[in-house]
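J.: Let the sequences and hints guide you as you build the complete structure.
Number of protein chains: 2
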Amino acid sequence: MRGCCYIALAMLARILCWLALAATAMAQTAGDSVLSQVRQYRNTHAAEILRSYAELLAIPDLATDTANIRRNAEAIQAQLQARGVATRLLEAPDSPPIVLGDLKGAAGAGARTLIIYAHYDGQPVDAAQWKSPPWQPVFRDEQGRDIPLEQAVRDPESRVYARAASDDKAPIGAILAALDALRAAGVAPRIHFKFFFEGEEEAGSPHLRAAIESYRDLLKADAWLICDGPVHQTRHMQVYFGARGVTGLEMTVYGPQRPLHSGHYGNWAPNPAAMLANLLSAMRDDDARIRIPHFYDEVRPLTSAEREALQRMPDIDGQLKTELQIARTEAPCSPPAPSPACPQEGATRIEQNIMQPALNIRGFEAGHTGAKAQNAVMTEAHASIDFRLVPDQSPQRVQQRVEDFIRGRGYTVVHDAPDAAVRMAHPRLIRLEWEPGYPAARSDMASPVARDVIAAIERATGSVYEMPTLGGSVPMYLFTDVLKTPAIGVPIVNHDNNQHAANENLRLRNFWEGIDIFAAILTQ
Amino acid sequence: MRGCCYIALAMLARILCWLALAATAMAQTAGDSVLSQVRQYRNTHAAEILRSYAELLAIPDLATDTANIRRNAEAIQAQLQARGVATRLLEAPDSPPIVLGDLKGAAGAGARTLIIYAHYDGQPVDAAQWKSPPWQPVFRDEQGRDIPLEQAVRDPESRVYARAASDDKAPIGAILAALDALRAAGVAPRIHFKFFFEGEEEAGSPHLRAAIESYRDLLKADAWLICDGPVHQTRHMQVYFGARGVTGLEMTVYGPQRPLHSGHYGNWAPNPAAMLANLLSAMRDDDARIRIPHFYDEVRPLTSAEREALQRMPDIDGQLKTELQIARTEAPCSPPAPSPACPQEGATRIEQNIMQPALNIRGFEAGHTGAKAQNAVMTEAHASIDFRLVPDQSPQRVQQRVEDFIRGRGYTVVHDAPDAAVRMAHPRLIRLEWEPGYPAARSDMASPVARDVIAAIERATGSVYEMPTLGGSVPMYLFTDVLKTPAIGVPIVNHDNNQHAANENLRLRNFWEGIDIFAAILTQ
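Line by line, the protein sequences give chains A and B.
My numbering puts the first sequence at residues 1 to 524.
My numbering puts the second sequence at residues 1 to 524.
Hints were generated in silico from the structure; no laboratory data involved.
A pair holds if it fits inside one copy or across any two, identical chains being indistinguishable in the list.
Taking lysine to aspartate or glutamate and the DMTMM-like style, the derived pairs with C-alpha atoms no more than 25 angstroms apart in a straight line are:
1) K372 to D416
2) K484 to D222
3) K321 to D419
4) K321 to D285
5) K131 to D155
6) K321 to E380
7) K372 to D126
8) K321 to D416
9) K131 to E323
10) K372 to E435
11) K372 to D94
12) K484 to E213
13) K372 to E433
14) K131 to D419
15) K372 to D496
16) K131 to E380
17) K131 to E150
18) K484 to D392
19) K372 to D65
20) K321 to E466
21) K372 to E403
Note that the structure is predicted; figures quoted are calculated from it, not measured.
T.: Shown next, in the form of C-alpha cells:
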C-alpha cells in the first residue's frame with residue numbers, strides 16, 4: 001500500500017507538474033501571441049501612433065504655464081476616454097490637474113490592482129540652446145538630420161525631439177498605443193489598472209502629497225508602477241525599487257548695490273561672485289564629497305540584497321566615460337566605495353555613486369564672461385543647487401544643516417530680498433530660497449507583485465536589470481511611505497535623451513519597445 | 001656804498017617783486033576773464049553743445065564694430081578740423097584709427113607741448129540691462145525721470161545716459177566745446193597742443209604700442225594728459241600720476257561633453273561649475289587677498305611722497321559704503337594696511353586698497369539659476385577675471401604665475417578649445433585665454449609741467465586732490481615707459497556714472513566744469 005500509494009502520489013505529482021508546465025506554456029504562448037499581435041499592430045499603425053504622440057508633444061508643458069498645462073491634461077483625458085478608460089481630473093487650487101484613469105479587468109473585484117504613474121509636464125527650457133523650438137516636434141535620423149515622419153517610421157534609431165519627449169510624456173504615449181493595440185487584438189486586461197498622470201513633477205510636485213492624502217481611497221493598489229526615468233545606459237531594460245530624494249536651493253550673495261568699475265573699486269568693494277565661489281568650495285570638493293558637517297549621518301547602509309544587485313549590474317563606466325569624454329579614473333579608497341569618505345565623481349562606478357547623496361551645482365550666474373565680460377564688480381551673484389538625497393535623509397534636516405553651515409561661515413541668512421537697512425547691517429548676507437523637495441524611497445526587491453511585473457517585462461524584452469535605487473528623483477516616498485504601497489520603477493526611454501537640457505529627444509526603438517512592455521504589463 | 005648798494009638792491013628786488021606779482025595778477029585776471037567768457041559762452045550755447053555731444057554718443061562705439069567705430073573717428077576728425085585743428089587718422093590693419101590732432105600755439109616752436117589722450121570706444125553692452133538703448137542718448141533728472149534736452153540745459157544735476165557718455169567720450173566733447181568757447185572769446189592757446197584719441201581702449205588697446213612706436217616722432221611732448229577715469233567720489237576734482245595695469249583672463253573648465261541629468265549622473269560626472277568655484281576659491285579669499293604664491297613679490301613699495309599724498313585724501317569710505325550698501329568694516333591688521341597680508345575688501349580705505357593688485361571675478365557663467373535652473377550637470381563652466389596690476393608687476397609674469405598655480409592644482413592648461421582626444425587624456429582640463437593687457441605706471445608728482453597743469457585746473461575749479469595711482473587702468477606705461485614722457489591723469493566725469501555697466505551716464509555739471517578745465521589748460 002505504502003509503495004503503491006507512493007507511486008500513485010508520484011504519478012499524480014508528475015501529472016500535476018505536467019499540467020502546471022502546460023498551463024505556463026499555454027499562458028506563455030498566449031502572451032507571446034498577444035505580443036506578436038501588438039508588434040504587428042504598432043508596425044502597421046506606426047505613422048498614426050507617432051502623429052498622435054507628436055500632437056501631445058506640441059502642447060507646451062511647463063507646470064507654471066497654467067493654460068497650456070491644462071490643455072495637456074485635457075488632451076490626455078480625452079485620449080484615455082476614447083480607449084474606454086474611465087477618467088476624472090483631480091483638481092487643487094493653483095496646480096495642474098491630475099489625470100486619474102480606471103480600467104477594471106476581467107478578473108473582477110478582488111483582483112490585484114496596479115496603478116501607473118507618469119507626469120505630463122516638462123523641464124523649463126532655454127529656447128536659444130535648442131536646435132528647433134522645444135514644442136515643435138522634429139524627427140531626426142541617427143546623424144541628427146531632420147527627416148519626415150514617414151522616414152522615422154521605418155528607422156527605429158531615429159528620434160523625436162521635443163521638450164518632454166522622453167521626460168515624461170513617453171510612457172503616456174506608449175500606454176495609449178498599447179491600449180489601441182490590445183483592443184485591436186481583442187485582448188482585455190485581467191487585473192485592475194489605474195492611471196495617475198500629474199502635471200508638476202518638474203516643479204517639485206508641490207501639491208502631490210495633498211492630492212494623495214485627499215484621494216487616498218481612489219488610489220488603493222497593490223503596487224505603483226513609476227514610469228519615469230531612463231532605461232540602462234546599455235539600452236538594456238531595467239526596473240528600480242527606489243529613487244533619490246531631492247531638494248533645490250537658490251543662493252544669492254550681495255555685493256555693492258550698483259555695479260562698480262573693477263579698476264576703481266576692485267579689491268575694495270566686496271565681490272559677490274568670489275564670496276559665492278568660496279562658499280560653494282567650502283560645501284563640496286572637486287570629487288563630490290560634501291563637506292557640510294554631519295551631512296552623511298543619516299545615510300541608510302545598503303542591505304546585502306541591494307549590494308548583490310549592484311554587483312550584478314554590468315560595468316559601463318568605461319563606455320560612458322568615452323561617450324561623455326570624461327577622463328577621470330578610479331581612485332583607490334579606503335574604506336571601500338561607496339562611502340562618503342571616498343572620491344566620487346569619475347572615481348567609482350556610477351551605480352555605486354548614486355547610492356550616495358549628491359550636491360550638484362546646476363547653475364552659477366554672476367556678471368558676464370567672454371565677449372560680454374565687463375570690467376565690473378557685480379551687485380549680486382547667484383547659484384542654484386540640487387541636493388540628491390538617499391534613505392533616510394530628510395529634506396528638512398538637510399536644509400537645516402546647510403543653513404547652519406552657511407551661518408557658521410559668518411553669513412546672515414535671509415529668505416526674502418533684503419532691503420537697504422538689512423544690507424547695511426550685515427557684512428556677509430545671503431538669501432536662500434528652498435524648493436521643498438522630498439525624501440528618497442526604496443521598496444522590497446523580492447515581493448510577489450515586483451516579481452510578476454518583472455516577469456511581464458521579461459516576456460516583452462528578454463531580461464531586465466534590477467537597480468535598488470535610481471539616481472534621479474521621483475516622489476516615490478509618497479507611495480511607499482505615505483500610502484504604504486510598494487513602488488516599482490518601470491522606465492522605457494533612452495538614457496541619452498538630453499532630458500532636463502536642450503534638444504530633449506526620444507529614440508523611437510524605445511518608444512516601440514515601451515508599447516510592448518505596457519501591453520505585457522496590461523495583460524499579465 | 002655798501003649800505004647804499006644794499007638799499008638800491010633791496011628796492012630793485014622789491015620793484016621786481018611788485019612787477020612779478022603784478023604780472024601774475026594780470027595773468028590771473030586775464031585767465032579769470034577768459035574763464036568767465038568761457039562760462040558765459042557755454043551757458044548761452046548749452047543746448048547746442050549738448051545736441052552736438054548727443055550726436056557723438058549716438059554712434060555705436062564698440063571697438064569690434066568696424067564700420068561704426070570708424071564713423072566715430074571720422075566724426076571727431078571733422079569736428080576738430082572745423083575748429084582749426086590739423087588732423088590725421090593713424091591707421092593700422094584691423095584696428096580702429098587713432099585721431100591725431102595738432103594745434104600750434106602763439107608762442108611758436110620751442111614752446112612746451114602737451115598731448116591730450118582720450119578714447120572714443122565704449123565697453124560692451126548687455127542691452128537687456130539698459131533702461132533705454134545704449135546708443136540712444138536720453139537726458140534724465142536727478143530722480144531718473146526722462147526730460148527733454150531743453151530742461152537738461154537748465155539743470156546741472158541732470159545726466160545724459162548712453163554708452164561712453166562718461167567713459168570716454170566726455171573729454172572729447174568737452175574739448176570741442178572749450179575750443180568753440182575760446183574762439184568766441186578771441187583767445188588762442190599759447191603753447192603747443194596735440195590730441196590723441198584712440199578707439200580700442202576698452203578692448204585692451206592691442207595696437208596702441210605699435211602705433212606709438214611707429215609714430216614716435218609725431219608724438220613728442222613734454223607731458224601726456226590722460227583724460228580718462230572719474231573725478232573723486234566727493235565730486236572734487238583730482239589728478240592722478242599713475243594707473244593700475246590690467247590683464248584679463250577667460251577660464252573654461254570642462255565637464256561631460258553633453259548635459260546630463262543631475263539625478264542620474266550627479267556625483268559621478270565631474271561638475272565643471274564646482275571645479276571652477278574650487279579653483280577660484282584657491283586663487284583668492286573672501287577679503288580679496290590673492291592666494292597665488294609670489295603674486296605680490298614685485299609690488300613696488302610706496303614712496304614717502306606718495307604715502308603723504310594718500311594721507312591728504314579725505315576719508316570717504318563711510319559715505320561710499322552707505323551709498324553702496326556695503327556693511328563690511330575696518331579689520332585690524334598687522335602689518336598695517338596697505339599690505340598683501342591684510343584683508344582688503346571693505347576693510348581698509350579705498351585709496352589704500354588700490355595701491356595693491358586686485359583679482360576681480362567679473363563673470364561666472366555655468367548652467368542656469370532661478371526660474372531657468374535645470375537639474376543638469378552642465379558641459380562647461382566659464383569664469384572671467386580681470387587682474388589689476390601695480391608697479392612693478394608685469395602682465396607676462398602674472399600670467400605665468402597664474403598658469404603655474406593652476407597646473408599645480410592638477411590641471412592641464414590649454415589655450416584653444418580641446419578636442420575629444422585631449423578631453424579624454426586629461427582628467428582636469430582648463431582652457432585659459434588671456435587678454436594681453438599692460439603694466440601699471442606712475443609719474444613724478446612734483447615735475448614743473450605737473451605743477452603747471454595742476455595750477456591751471458585749480459584756476460578753473462578751486463582745488464584738486466592728487467592721487468599717486470588711479471584704481472582703473474589706462475595704458476599710461478606706453479607714455480611713461482615706452483616714450484619716456486611724464487603722464488598726468490586729468491579726469492572730469494562723475495564717479496557714479498555706471499561706466500562699464502548698464503545705464504552709463506554723465507552728470508552735466510561735470511561736463512560743464514570739464515569745459516572750463518580744458519579751456520584753462522588750453523590757455524595756460
